[in-house]
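Asks: Order-wise, the sequence lines are chains A and B.
Here the first sequence is numbered in the working numbering, starting from 1 and rising by one per residue.
Here the second sequence is numbered in the working numbering, starting from 1 and rising by one per residue.
The hints are simulated quantities; they were obtained by calculation from the structure and are not laboratory data.
Careful: at least some of the hints might be erroneous.
[Unchecked claim] Sample of chain B residues lacking proximity to chain A, with all beta carbon distances greater than 12 Å (derived): (1) Pro55; (2) Gln100; (3) Val164; (4) Thr352; (5) Asp414; (6) Val467; (7) Leu483.
[Stated by the list, open to error] Keeping only pairs whose Cα atoms sit at most 30 Å apart, straight-line, the calculated DSS-like set for lysine-lysine is: (8) B:Lys219 <-> B:Lys241; (9) B:Lys380 <-> B:Lys241; (10) A:Lys126 <-> B:Lys380; (11) A:Lys126 <-> B:Lys384; (12) B:Lys241 <-> B:Lys286; (13) B:Lys219 <-> B:Lys286; (14) B:Lys286 <-> B:Lys469; (15) B:Lys380 <-> A:Lys123; (16) A:Lys85 <-> B:Lys223; (17) B:Lys469 <-> A:Lys28; (18) B:Lys384 <-> A:Lys85; (19) B:Lys223 <-> B:Lys469; (20) B:Lys469 <-> A:Lys85; (21) B:Lys409 <-> B:Lys219; (22) B:Lys219 <-> B:Lys292; (23) A:Lys126 <-> B:Lys219; (24) B:Lys219 <-> B:Lys432; (25) B:Lys432 <-> B:Lys286; (26) A:Lys123 <-> B:Lys223; (27) B:Lys219 <-> B:Lys239; (28) A:Lys123 <-> B:Lys384; (29) A:Lys123 <-> B:Lys219; (30) B:Lys219 <-> B:Lys384; (31) B:Lys239 <-> B:Lys223; (32) B:Lys223 <-> B:Lys409; (33) B:Lys241 <-> B:Lys384; (34) B:Lys432 <-> B:Lys292; (35) B:Lys239 <-> B:Lys380; (36) A:Lys85 <-> B:Lys432; (37) B:Lys223 <-> B:Lys384; (38) B:Lys292 <-> B:Lys223; (39) A:Lys126 <-> B:Lys223.
Even for Gly, the Cβ is constructed at its ideal location relative to N, Cα and C.
This is what each chain is made of:
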Amino acid sequence: MALELLFNAGLVVFFTYAYFFIGATVPKAEGPGWGAEVWPQAILIALIILLGVNMVMVYRGGGKTPEFGFGKLRQISLTSFVQGKLFLGMAALFVYAMSLQAAGFILSTFVFFVVYARIVGQKHTKTLVVSAFVATFTVYFVFSRALGVMLPRGYGILRDFAIFLEGLL
Amino acid sequence: MLDLLTTGLQIVFSPGTFLLILAGTVLGILFGAMPGVSASMSVALAVPFTYAMSPVVAIAFLVAVYTASITGGGITAILFKIPGTPSNAPTTFDGYPMAQQGKAGKALGVSLICSAIGGTVSAIAMLLLAPQLASVGLRFGPSELFAVSVLGLSVLTALDSDNVIKTLISGLIGLFLATIGMDPLLGIPRFTWGNPAMLGGVEMIPVLIGLFAITEVLKQTVKPLKLDPTSSKAGADFKTKLLTLQEAWSIRWTVVRASILGTLVGILPGAGATIAAFLSYSTEAKISPNRKQFGHGAIEGIAASETANNAAAGGSMVPLLALGIPGGTAAAVMMSALVLQGVQVGPILHRTQPEFLSAVFASMMLTNVLMVICSMAIAKVFNKVLNVPYSILGPLIVLFAAMGSFALKGSTSDVVLMIVAGIIGVAFASFKFSAAALVLGLVLGSLTEANLRRAILLAGGDLLAVVSKPITAALLLTCLAILLAPVLSGMIKKKPKVTA
Numbered sequence: 001m002a003l004e005l006l007f008n009a010g011l012v013v014f015f016t017y018a019y020f021f022i023g024a025t026v027p028k029a030e031g032p033g034w035g036a037e038v039w040p041q042a043i044l045i046a047l048i049i050l051l052g053v054n055m056v057m058v059y060r061g062g063g064k065t066p067e068f069g070f071g072k073l074r075q076i077s078l079t080s081f082v083q084g085k086l087f088l089g090m091a092a093l094f095v096y097a098m099s100l101q102a103a104g105f106i107l108s109t110f111v112f113f114v115v116y117a118r119i120v121g122q123k124h125t126k127t128l129v130v131s132a133f134v135a136t137f138t139v140y141f142v143f144s145r146a147l148g149v150m151l152p153r154g155y156g157i158l159r160d161f162a163i164f165l166e167g168l169l
Numbered sequence: 001m002l003d004l005l006t007t008g009l010q011i012v013f014s015p016g017t018f019l020l021i022l023a024g025t026v027l028g029i030l031f032g033a034m035p036g037v038s039a040s041m042s043v044a045l046a047v048p049f050t051y052a053m054s055p056v057v058a059i060a061f062l063v064a065v066y067t068a069s070i071t072g073g074g075i076t077a078i079l080f081k082i083p084g085t086p087s088n089a090p091t092t093f094d095g096y097p098m099a100q101q102g103k104a105g106k107a108l109g110v111s112l113i114c115s116a117i118g119g120t121v122s123a124i125a126m127l128l129l130a131p132q133l134a135s136v137g138l139r140f141g142p143s144e145l146f147a148v149s150v151l152g153l154s155v156l157t158a159l160d161s162d163n164v165i166k167t168l169i170s171g172l173i174g175l176f177l178a179t180i181g182m183d184p185l186l187g188i189p190r191f192t193w194g195n196p197a198m199l200g201g202v203e204m205i206p207v208l209i210g211l212f213a214i215t216e217v218l219k220q221t222v223k224p225l226k227l228d229p230t231s232s233k234a235g236a237d238f239k240t241k242l243l244t245l246q247e248a249w250s251i252r253w254t255v256v257r258a259s260i261l262g263t264l265v266g267i268l269p270g271a272g273a274t275i276a277a278f279l280s281y282s283t284e285a286k287i288s289p290n291r292k293q294f295g296h297g298a299i300e301g302i303a304a305s306e307t308a309n310n311a312a313a314g315g316s317m318v319p320l321l322a323l324g325i326p327g328g329t330a331a332a333v334m335m336s337a338l339v340l341q342g343v344q345v346g347p348i349l350h351r352t353q354p355e356f357l358s359a360v361f362a363s364m365m366l367t368n369v370l371m372v373i374c375s376m377a378i379a380k381v382f383n384k385v386l387n388v389p390y391s392i393l394g395p396l397i398v399l400f401a402a403m404g405s406f407a408l409k410g411s412t413s414d415v416v417l418m419i420v421a422g423i424i425g426v427a428f429a430s431f432k433f434s435a436a437a438l439v440l441g442l443v444l445g446s447l448t449e450a451n452l453r454r455a456i457l458l459a460g461g462d463l464l465a466v467v468s469k470p471i472t473a474a475l476l477l478t479c480l481a482i483l484l485a486p487v488l489s490g491m492i493k494k495k496p497k498v499t500a
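Required output: the full structure, derived from the provided sequences and hints.
Replies: The structure is reproduced here in structure tokens:
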């Protein structure tokens, strides 16, 4: 409940900022048509109002239950969230997306596959390595060879390594 | 008319052309099933194969790829919650829950048969009424197209009637995301914060894949669920189950409505299979007698989405063949392929060279039959994948999703966008916001804004003149009726209780 209110409040803050940002950064229109800021601002006003209504509804709905209160915010355990599988999964996905360009497709995909499969629960090392190898090269063949997509090769020594591996295939 | 039909059948049943259409169907299903490879991208990928073909065979082949790719996208939407093409997104709403209930075979059967019916209806409409339909489509100017978009948005509340406020917020967030990038009329950057990568706006496909596939993988990371595609053990004897007569009869009106809606939306320039599928799904979610089951595995939901997107595929060929104006991106790619072959595409094409219309019609009819047979075989192979433990399947889905997003522009920023969308999807699911409404807002956002502003500009700034045009007014009144219907029906139901 408290988290939901925080989520909604975060959205309200962001959309309020966006409302003023677009008004300040876009030049006013000349002539009969609408300016570039009118449509986004109309959407943002509607969003802010509806988020406000939603927050009131969440607060009223939560207020009926005795355990609800803003004190609940203090009970949100950041440590257990960070150590949880969901956070680890999100972090692995994010690191994979960020490393694709620098480390190249083959290396980053192989490492990501092993890490993610381990997070989900695969414990056998042999299965992890073999499935990561098969998956990496299956996706490589489908996209690079069959569809002609230029997959990232990485930078520096990692690029040389990727080219070497591709040369072997 | 009979001449056209005979010519078309002669073209597609010549051995070489038949084999090419078969190959195009298989290729289309496989491309369509691949996340990130949209129907228009499938056609573009198939264009190089046509260089060695005659123009008539080339268009028949490309039509087969296009039609089959939209159907192929339904397979992964049902089995893995990954819409192969954006137009298959609404199929995930009921297809995936059905797969989780052990009814994947039935869901696939409904999807295939309804796709074939939608495609066939639009092909017949194209043959019989191409010039008339195209002229109706051309009457839709910016104000009418704006009203069509609003009609699509007005059914937002149908996506989750229990959380109307949250669904509206989700839809508005989608509309807001659609405003990021270059302004459609004036070319002014909006919400780019000086980052050139954001000038192109928020790409729909990575957001779609992120919200559906990545969110699901993240959810399953916490609580892995072994998908059971059939009620049998480990899906060993998986079989696509076609509709029984009783089921077919029960969804007859859904299929009729979706076929008509899909064909008409397909004809409209700028609209397309994605809008048709969402519009049809949302309409059925409002009016179907089985609407309470929507989102939990209703066959009407799959029927609405898959019939409409395939019907729209046929519809988009109408302006191309009747007037030489491509109705959508895929039709534009096909037009380019014909121009490369030296064909003069224009309003007189269907009079001077009617074999093109015949070939397209016959190819669509044949593809609709072939794709049912081919998809059943291909779905069997895909289903084997479901037997893989989720610890392997989950990362594999991420890889295909990531590369599908990357393949769009060859940019890793789209992969990052997909991951961010996936994480937002988890937050949305936790707080009961609607990812589907966000996607609908994103799909319709730029179309709605661009047409409204264009219409206002043409009307000299007079908003009243825009909304009072006959077609626009009729469509906007329909929107109002759709929005007010649940409120009014609620009031009518409450009344007797008060008096009692």
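Asks: Checking each numbered hint in turn, tell me which of them this model violates, lowest number first.
Replies: Per hint list: 3, 5, 19, 20, 32 violated.
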